[in-house]
Amino acid sequence: MGVVAAGCAGLWVTGCKSAPDLSKDNAATLIQSHYDSVAPSGITISVDKMGLQQGLTAGYWKLTKIYPKQEGWADYTLTDAGKKVLKLASAGDVIEWRPGGDGEFHFLITSLAGTTMRAKEVSDPQDEMLPDAKSAKSVKYTESVNMNGVPEPLQNIAHNAGNKLSSKKQADLAYENGAWKVHGII
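For the sequence shown, position 169 matches number 1174 in the working numbering, and the numbering has no gaps at all.
Please keep in mind that the hints were generated in silico from the structure rather than gathered at the bench. A couple of the hints might just be wrong.
[As the list claims (entries may be wrong)] Each computed DSS-like pair below joins lysine-lysine, with the alpha-carbon atoms no more than 25 Å apart:
(1) Lys1029 to Lys1125
(2) Lys1173 to Lys1145
(3) Lys1070 to Lys1092
(4) Lys1029 to Lys1173
(5) Lys1029 to Lys1145
(6) Lys1029 to Lys1139
(7) Lys1088 to Lys1145
(8) Lys1029 to Lys1054
(9) Lys1125 to Lys1174
(10) Lys1173 to Lys1186
(11) Lys1125 to Lys1070
(12) Lys1092 to Lys1145
(13) Lys1174 to Lys1139
(14) Lys1125 to Lys1088
[Unchecked claim] Label pairs and their computed distance ranges (CB to CB):
(15) Ser1042 to Gly1064: 15 to 23 Å
(16) Lys1067 to Ser1172: 15 to 23 Å
(17) Glu1109 to Thr1062: 51 to 59 Å
(18) Ala1079 to Thr1121: 55 to 63 Å
(19) Gly1097 to Gly1183: 49 to 57 Å
From the three backbone atoms N, C-alpha and C, an ideal C-beta is built for every residue, glycine too.
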């Protein structure tokens, strides 16, 4: 009994503290704070045949040249309205639409509206072992593209086939210097 009492007293005197519990909501807040601290960037969007038509309807580009000897080939030029909300991954302002025999083709655009990612559907924290942390937890969640500030026509194009707007991730959280922090995201 004396040995146990001495051990407990030793821990109390040295101030050994265990990490406080980490709730699902606190983990979600930490992950979102991490995302919010990253500089916003544009969203890269793959534009297929349907997206090409949606961009025409939205007035983001206009048809400027048809190639009669090549079925389906055409050039489209970004309009002033398009230049205000997107840029072409290929640089410049001309979309060279060159579908193959199957009629399929796509090109990439990037929204000019900067956004950050969002953490959704965060799981309950699970104990984790990290080599450089005394106390650690991990959570699984869905990382999704934040469409706030992106014009609705671009949002519609982004929801077409070929675009991935969310993915499953795992965040490792470590208790350091008296607080839980994002240790890494995989």
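Consistency of the hints with the structure:
Pair hint Lys1029 plus Lys1125 holds up; C-alpha atoms about 11 Å apart against a cutoff of 25 Å. With a C-alpha separation of about 7 Å, the suggested pairing of Lys1173 with Lys1145 holds against the 25 Å cut-off. Restraint check for Lys1070 and Lys1092: the C-alpha separation of about 20 Å stays at or below 25 Å, so the hint holds. This hinted pair checks out: Lys1029 and Lys1173 have alpha carbons roughly 16 Å apart, not beyond 25 Å.
Straight-line distance between C-alpha atoms of Lys1029 and Lys1145 comes to about 10 Å, which keeps the hinted pair within the 25 Å bound. For the hint linking Lys1029 to Lys1139, the alpha-carbon distance of about 20 Å falls within 25 Å, and the restraint holds. For a cut-off of 25 Å, the pair hint linking Lys1088 to Lys1145 is broken: about 38 Å separates their Cα positions. Among the hinted pairs, Lys1029 with Lys1054 is inconsistent with the structure: their alpha-carbon atoms are about 42 Å apart, more than 25 Å.
For the proposed pair Lys1125 and Lys1174, the alpha carbon gap of about 10 Å is at most 25 Å, so the pair holds. Between Lys1173 and Lys1186 the alpha-carbon distance is near 20 Å, which keeps this suggested pair within the 25 Å criterion. With a C-alpha separation of about 44 Å, the suggested pair Lys1125 and Lys1070 falls outside the 25 Å cut-off, and the hint is violated. A hinted pair counts as satisfied when its Cα atoms are at most 25 Å apart, and Lys1092 with Lys1145 does not qualify at roughly 34 Å.
In summary, the hint linking Lys1174 to Lys1139 is supported, as the alpha carbons are separated by about 23 Å, within the 25 Å threshold. For the suggested pair Lys1125 and Lys1088, the alpha carbons sit about 32 Å apart, so the restraint of at most 25 Å is broken. Here the CB-CB span from Ser1042 to Gly1064 is close to 36 Å, at odds with the stated 15 to 23 Å. About 34 Å separates the C-beta atoms of Lys1067 and Ser1172, a value inconsistent with the hinted range of 15 to 23 Å.
Between Glu1109 and Thr1062 the beta carbon distance is about 20 Å. The supplied range of 51 to 59 Å is therefore violated. Between Ala1079 and Thr1121 the C-beta distance comes to about 36 Å, which lies outside the given range of 55 to 63 Å. Taking the beta carbon of each, Gly1097 and Gly1183 are about 52 Å apart, inside 49 to 57 Å as hinted.
The structure is inconsistent with the numbered hints 7, 8, 11, 12, 14, 15, 16, 17 and 18, although it conforms to all the rest.
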